[in-house]
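Letter by letter, the chains look like this.
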Amino acid sequence: MRPYELTLADAAAAIRAKELSPVELTESVLARAEAVESHLHAFVGVRAAEARRAAAEAQDEMAAGRHRGPLHGVPLGLKDLIDVKGQPTTASSSVRSDHIAAEDSTVAARLADAGAVLLGKTHTHEFAYGLTTPQTRNAWDEGRVAGGSSGGSAVAVAAGAATFAIGTDTGGSIRVPAALNGVVGLKPTYGLVPRYGVTSLSWSLDHVGPVTRTVEDAALVLAALTGHDPRDPASIAAPREAYPPHGEGDLTGLRVGVPRNYYFDRVAPDVESAVRDAIDRLRDLGARLVDVDIPMTRYVQAVQWGLMVPEATAYHEGTLRATPELYAPDVRVLLGAGELLLAGDYLRAQRARTLMRRAWARMLAEVDVVVAPSTPLTAAPVGQQSVQWADGSVEGVCDSYVRLSAPANITGVPALTVPVGQGADGLPVGMQLIGRPLGEGTVLRAGRAYEATRADAGRLAPDGGVLGAAASAPTPGLPAPVSAEPAPLSGEPAPTPAVEARN
Amino acid sequence: MPPEAPAPEDLTPQEAAQWARRAGLPLADERLAAVTATANHIQAVVATLRELDFGDVPPAPAYAVEPLARAYTDELEVSRATV
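In order, the protein sequences belong to chains A and B. Position one of the first sequence corresponds to residue 1 (our numbering), numbered consecutively onward. Position one of the second sequence corresponds to residue 504 (our numbering), numbered consecutively onward.
Everything labelled a hint here was simulated from the structure, so no lab data went into it. Warning: the hint list may mix true and false statements.
Reference excerpt, derived from the structure (chain B facing chain A, CB under 10 Å, subset only) [unchecked claim]:
#	residue
1	Ala519
2	Gly527
3	Leu528
4	Leu530
5	Ala537
6	Asn543
7	Arg553
The C-beta atom is built at its ideal place from N, Cα and C for all residues, glycine as well.
With these hints in hand, go ahead and build the complete structure from the sequences.
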């Protein structure tokens, strides 16, 4: 096995055992990134010289007897919304062409303290305001979307071009690309990972978290990121916690909520089948399956949009007036439309969020985790805008990707996506494990136990997206792509493409 | 349920232009159609929240997670107490 193929946990173990050096690992991952980057475009830029220098420093430190932990000497990619002192934070936008970060974000500083080796910044949908990351291609099939907005992070990890990565999640932006590229993504509890120095999309919905090859790896990264930081007003004043990477395989006593509504509605049959098979495995591990009713589902999209749209517009108020032409057309339209939303709509969304949190708390009193598909469909062909479901309804692809992620952003609860196999098109399917606030330990334990049942846990994407164009053809029995243009809904005028580009 | 109220009306492009000027973001004519259509679509989605009867419910404590965590803890206790 080549070093870039190692998971974080395996690489850390090999480094610890002196079977692999940080320089060897970093060189291998850099070579892999160079080999795949020309067609995947996961990175805004790879800073090879700086990575080599950091790897050499890590190696010297270890030779001197100082070992900082499992991330020491391990290469990563950072979503390019996250500040690193002296480097641009482009947000994959021309608006930020002259930006240089004055200091490290909290997560960048903590990763540096942990001895991790920064390879470079990974692409995001512009300012995280979208679900496709158009610059980047899916690691399994270049004809499919990467997902977003942390598309670069997920693709880099799935392709072996980074041993792990960091993303942000406002409406699924860690979980969606992780699921679509067959890797693990964790949106932690709101406030658990400080966001200081991270470009915001929507303050009350933004989260930072790991994108990794395994649940075990996610636990290792999360432990390095948590801890109170007063510079983020949402940061939790709780002590840092270790998340044991080697969870118990026995889930006896764990109450797993299986939604009767919402999460399996308008879901592709092959996606549902893969997730239900995974739920059966949780049951076989001792978990008790409990039917649950997801509350207030009619209002999920309204709350998500009612919060995100005005908050995003507020964040960009200055640059939208100073340099509007530098935004991509889809993002510029959304930001402009946000100026026309009423304050009453925003307050209604915040009040509805109060009700939704209360209702979710009542539901979560009955179970330890809720399981659900991460996305209703696998990675869509590039350019596909809409999907028609079996009930005849038509939905924007991006709206579809957000639909199953948004509840955890609104309520602030932790949500993990774990690969559970492939759909009929051969593309990855993800399962969410959604927990109580600060229930990361339980979510990771369940995910780890499931992962341990799979022989393919931690696998990389097929080399070079080998499924290629053949796999981009529609598959019989799956939701049909409607067209490259948004379809009319219920006889109403078609929404603009920008409306469907949501995080 | 709150009392029946008429659904909010769509903005015309001319009204959107006026609202945008009021917000300090003048819109060029060629941008009006796209921004107006997007704003109306967003409004149609968020208008669903008008169905809810909020009573005295306050806005969520968006930037302070301790109240969030406490709210969950309180709900859990209430739920357990009533089981």
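Going down the list of hints, with the structure as the test:
Below 10 Å, beta-carbon pairs count as interface contacts, and Ala519 (chain B) has one with chain A at about 6 Å; its hint therefore holds. A hinted interface residue such as Gly527 (chain B) counts as satisfied when its beta carbon comes closer than 10 Å to some beta carbon of chain A; here the least separation is about 7 Å, so the hint holds. Hint status for Leu528 (chain B): holds, given a least beta-carbon distance of 5 Å to chain A, under 10 Å. Satisfaction of the interface hint for Leu530 (chain B) is found here, the shortest Cβ-Cβ separation to chain A being roughly 7 Å, below the 10 Å cut-off.
Interface restraint check for Ala537 (chain B): the shortest CB-CB distance to chain A comes to about 5 Å, inside 10 Å, so the restraint holds. Hint status for Asn543 (chain B) relative to chain A: holds, with the closest Cβ pair at about 9 Å, below 10 Å. With a cut of 10 Å, the hint placing Arg553 (chain B) at the interface with chain A holds, because the nearest CB-to-CB distance is about 7 Å.
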